[in-house]
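Student: Next come the chains, spelled out residue by residue.
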Amino acid sequence: MTTFSKEDVKYFADFVRIGLSEEDKENFSAKIADLIESVSNLKEVDVTGVKPMTHPVAMINVLREDVPKDILDREVMLASAEDQEDGLIRVPDIL
Amino acid sequence: MTLTSKTATELQALLQKGEVTAKEVTEATLQTIEQHEEKIHAFIHVAKEEATKRAEQLDQEAANTRGRLFGVPIGIKDNIVTKDMKTTCASKMLEDFVPVYNATAIDKLEAAGAINIGKLNMDEFAMGSTTETSYFGNTLNPWNTDYVPGGSSGGSAAAVAAGEVPLSLGSDTGGSVRQPAAFCGIVGMKPTYGRISRFGLTAFASSLDQIGTLSRTVEDNALLLSVIAGEDDNDSSSSAKAVPDFTAALTGDIKGLKVAVPKPYLGEGVDAEIVTAVREAITVLESLGAVCEEVELPHIQYAPTTYYVISSSEAQSNLSRFDGLRYGYHTENAENLEQAYFRTRQEGFGDEVKKRIIFGTYAMSADHHEDLYVRAQKTRTLIAQDFDSVFEKYDVVIGPTAATTAFKLGETGGDQLVHYANDVLAVPANLTGRPALSIPCGFVNELPVGMQIMGKHFDEETVYKVAHAYEQATDFHKRTPSIREGK
Numbered sequence: 018m019t020t021f022s023k024e025d026v027k028y029f030a031d032f033v034r035i036g037l038s039e040e041d042k043e044n045f046s047a048k049i050a051d052l053i054e055s056v057s058n059l060k061e062v063d064v065t066g067v068k069p070m071t072h073p074v075a076m077i078n079v080l081r082e083d084v085p086k087d088i089l090d091r092e093v094m095l096a097s098a099e100d101q102e103d104g105l106i107r108v109p110d111i112l
Numbered sequence: 012m013t014l015t016s017k018t019a020t021e022l023q024a025l026l027q028k029g030e031v032t033a034k035e036v037t038e039a040t041l042q043t044i045e046q047h048e049e050k051i052h053a054f055i056h057v058a059k060e061e062a063t064k065r066a067e068q069l070d071q072e073a074a075n076t077r078g079r080l081f082g083v084p085i086g087i088k089d090n091i092v093t094k095d096m097k098t099t100c101a102s103k104m105l106e107d108f109v110p111v112y113n114a115t116a117i118d119k120l121e122a123a124g125a126i127n128i129g130k131l132n133m134d135e136f137a138m139g140s141t142t143e144t145s146y147f148g149n150t151l152n153p154w155n156t157d158y159v160p161g162g163s164s165g166g167s168a169a170a171v172a173a174g175e176v177p178l179s180l181g182s183d184t185g186g187s188v189r190q191p192a193a194f195c196g197i198v199g200m201k202p203t204y205g206r207i208s209r210f211g212l213t214a215f216a217s218s219l220d221q222i223g224t225l226s227r228t229v230e231d232n233a234l235l236l237s238v239i240a241g242e243d244d245n246d247s248s249s250s251a252k253a254v255p256d257f258t259a260a261l262t263g264d265i266k267g268l269k270v271a272v273p274k275p276y277l278g279e280g281v282d283a284e285i286v287t288a289v290r291e292a293i294t295v296l297e298s299l300g301a302v303c304e305e306v307e308l309p310h311i312q313y314a315p316t317t318y319y320v321i322s323s324s325e326a327q328s329n330l331s332r333f334d335g336l337r338y339g340y341h342t343e344n345a346e347n348l349e350q351a352y353f354r355t356r357q358e359g360f361g362d363e364v365k366k367r368i369i370f371g372t373y374a375m376s377a378d379h380h381e382d383l384y385v386r387a388q389k390t391r392t393l394i395a396q397d398f399d400s401v402f403e404k405y406d407v408v409i410g411p412t413a414a415t416t417a418f419k420l421g422e423t424g425g426d427q428l429v430h431y432a433n434d435v436l437a438v439p440a441n442l443t444g445r446p447a448l449s450i451p452c453g454f455v456n457e458l459p460v461g462m463q464i465m466g467k468h469f470d471e472e473t474v475y476k477v478a479h480a481y482e483q484a485t486d487f488h489k490r491t492p493s494i495r496e497g498k
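Protein chains in written order, with this note's numbering: chain A, 18 to 112; chain B, 12 to 498.
None of these hints come from the bench; they were simulated from the model.
Small disclaimer: the values here were computed from a predicted structure and weren't measured.
Treat each hint with caution, since some may be false.
What the hints assert, rightly or not - Distance ranges between label pairs, derived from CB positions: (1) A:38 - B:63: 43 to 53 Å; (2) A:106 - B:49: 36 to 46 Å; (3) A:93 - B:148: 26 to 36 Å; (4) B:403 - A:105: 55 to 65 Å; (5) B:290 - A:60: 30 to 40 Å; (6) B:376 - A:100: 28 to 38 Å; (7) A:105 - B:259: 44 to 54 Å; (8) A:40 - B:24: 49 to 59 Å; (9) A:107 - B:109: 14 to 24 Å.
Claimed, not checked - When the alpha-carbon atoms are kept at most 25 Å apart in a straight line, the in silico BS3-like pairs for lysine-lysine are as follows: (10) B:389 - A:68; (11) A:48 - B:103; (12) B:59 - B:119; (13) B:404 - B:252; (14) B:467 - B:269; (15) A:86 - B:119; (16) B:59 - B:97; (17) A:42 - B:103; (18) B:34 - B:94; (19) A:60 - B:274; (20) B:97 - B:64; (21) B:34 - B:119; (22) B:489 - B:50; (23) A:27 - A:48; (24) A:23 - A:48; (25) B:94 - B:119; (26) B:34 - B:64; (27) B:467 - B:266; (28) A:68 - B:467; (29) B:94 - A:86; (30) A:60 - B:389; (31) A:27 - B:103; (32) B:94 - B:64; (33) A:48 - B:419.
Claimed, not checked - Below, a sample of chain B positions facing chain A; criterion: calculated Cβ distance under 7 Å: (34) 218; (35) 351; (36) 385.
Note that beta-carbon positions come from the ideal geometry of N, C-alpha and C, so glycine has one too.
Kindly generate the complete structure, drawing on both the sequences and the hints.
Tutor: Printed below as a string of structure tokens:
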């Protein structure tokens, strides 16, 4: 049976900056262990020499000149931010 | 017959001839929504004032400039951004988010004269199969309110089935348009990946997501897709292929058409009554001249886990944009930037979303990347090759849309793992990028059953042709939930 400890939950949640309560860690520990168990059937598949599929429809990468465009006005873009000053987004202290 | 019981095509005929005004249609629609919402809660936001104002403006337009959806009300899944109208993704994280631009699909709807009647409920960030993970509370199935409408486009399907709107948009990452369409007894189409621009669709899993169309008839569905499909400079993954008028494909002639029926689709894990309904549907197609044969799909049993690894891995990257700084929910309890990230996400995301992001991070981590993520991508190749072989000989693939009828509310707790058998049926269309449509094909205990028709890449025309021929030969689409008669 697969295990995924509370410490494992915290370890991976820390990478993506998600805060968790002790109750969350307990809850996710069991659920993610179940998930890992369920996806373990992929190990049965013989993938020798098979190329990974990253895109569902065959496409050719078409390049264009890198010309900057004003898609949205700065003020309009900033309208969704909680805290702003002088045309910039204010963030809490970094240190 | 009331205005809201009419299809979009029927409404168009009346609106274009001036026999009814856009304002009259909008008023009737808002009234129906008011009647039904207490019972089904399909909407997160009803755009009463915006829709009324828009209808009044449309009524001023000259008859010769009216678009193909002139005056037709449509509901929009709340993960498709709408300028100056809240787009929440059914999450606390975006509870008060008002986008400053429209998704391309919305611009196209507006250009065609459609009226956005409001934003529809869904599973949070489209993660779920029941609409029970919505921060704003679940939607209920119009056929029986003890049951879920499916998910994640549960609001989009319930609103159409209840007669609140003739058309709606949903999104389909692993069956999220087709499964709720099946559970609610309507038509739901996931087009080929790239057929509709994803610009403005809030990303869940970018290589799987596609906007989809929901309606009560195949003709309405084909009309809606004709309006919103096409290449978009804002989405480099949108296709440059020409968009036909899909309604022209509805000839009813399917003589000689070759239909593949995968054996696993009618085997273990699928309810016996569902198998019976789909087998009867196949008999109908044969009576119309189609040639149906059973086929094998050797890797199909790995589709759900392949989907789960890939979708969670892509989600953990896509959802990193929700940091509480640029838009969306912002914690009040942070002393520094790092705390702001942690606490914003702790307070803003629901459990299902957190679980998938953490699992996706595990699958993408250095220790597990090769064994999980890359292995899933390789398995995806094998599943795609299985379908490539089938489509060399056959025009469409048919099976049930879902393995069961709608779940009882609370029955699964929204747990994804319970839905394994459904995922075997639904996710291959997303993994392989093919178009697939669900159409009503029966009832079990007064709950609808859906049949899935999958086509070749960019061959929505044949999918619609088969669906329309079947619809004309049967009357499942004519049955309506009793809620529409005011019961």
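Student: Give a verdict on every hint.
Tutor: Evaluation of the provided hints:
1. A:38 - B:63: 43 to 53 Å: This hint holds: roughly 45 Å between Cβ atoms.
2. A:106 - B:49: 36 to 46 Å: Taking Cβ atoms as reference, residue 106 of chain A and residue 49 of chain B lie about 41 Å apart, which means the hint holds.
3. A:93 - B:148: 26 to 36 Å: holds (32 Å)
4. B:403 - A:105: 55 to 65 Å: holds (57 Å)
5. B:290 - A:60: 30 to 40 Å: holds (35 Å)
6. B:376 - A:100: 28 to 38 Å: Given a distance of about 33 Å, which is inside 28 to 38 Å, the answer is holds.
7. A:105 - B:259: 44 to 54 Å: holds (53 Å)
8. A:40 - B:24: 49 to 59 Å: Once the Cβ atoms are compared, 57 Å apart, the range 49 to 59 Å for residue 24 of chain B and residue 40 of chain A holds.
9. A:107 - B:109: 14 to 24 Å: holds (20 Å)
10. B:389 - A:68: Satisfied, since the Cα-Cα distance of roughly 6 Å is no more than 25 Å.
11. A:48 - B:103: holds (22 Å)
12. B:59 - B:119: holds (21 Å)
13. B:404 - B:252: Holds. Residue 404 of chain B to residue 252 of chain B sits at ~23 Å (cutoff 25 Å).
14. B:467 - B:269: holds (12 Å)
15. A:86 - B:119: It holds: about 22 Å lies between the C-alpha atoms, which stays within 25 Å.
16. B:59 - B:97: holds (13 Å)
17. A:42 - B:103: holds (20 Å)
18. B:34 - B:94: Given that 25 Å is the threshold and the Cα spacing comes to 22 Å, the pair holds.
19. A:60 - B:274: holds (24 Å)
20. B:97 - B:64: Holds, at about 17 Å.
21. B:34 - B:119: holds (21 Å)
22. B:489 - B:50: Roughly 22 Å separates the two Cα atoms, so the pair holds.
23. A:27 - A:48: holds (14 Å)
24. A:23 - A:48: holds (11 Å)
25. B:94 - B:119: holds (13 Å)
26. B:34 - B:64: Holds: residue 34 of chain B and residue 64 of chain B sit about 9 Å apart, inside 25 Å.
27. B:467 - B:266: Within the cut-off at roughly 18 Å; holds.
28. A:68 - B:467: Judged against 25 Å, a Cα distance of about 22 Å means the pair holds.
29. B:94 - A:86: Answer holds: residue 94 of chain B to residue 86 of chain A is near 20 Å, not above 25 Å.
30. A:60 - B:389: holds (11 Å)
31. A:27 - B:103: Holds, because 22 Å separates the two Cα atoms, which is no more than 25 Å.
32. B:94 - B:64: Given pair residue 94 of chain B, residue 64 of chain B holds - Cα atoms ~15 Å apart, limit 25 Å.
33. A:48 - B:419: holds (22 Å)
34. 218: Result: holds, 6 Å to nearest chain A Cβ.
35. 351: holds (5 Å)
36. 385: Holds, because the Cβ-Cβ distance from residue 385 of chain B to chain A comes to roughly 6 Å (cut-off 7 Å).
Of the numbered hints stated above, none is contradicted by the structure.
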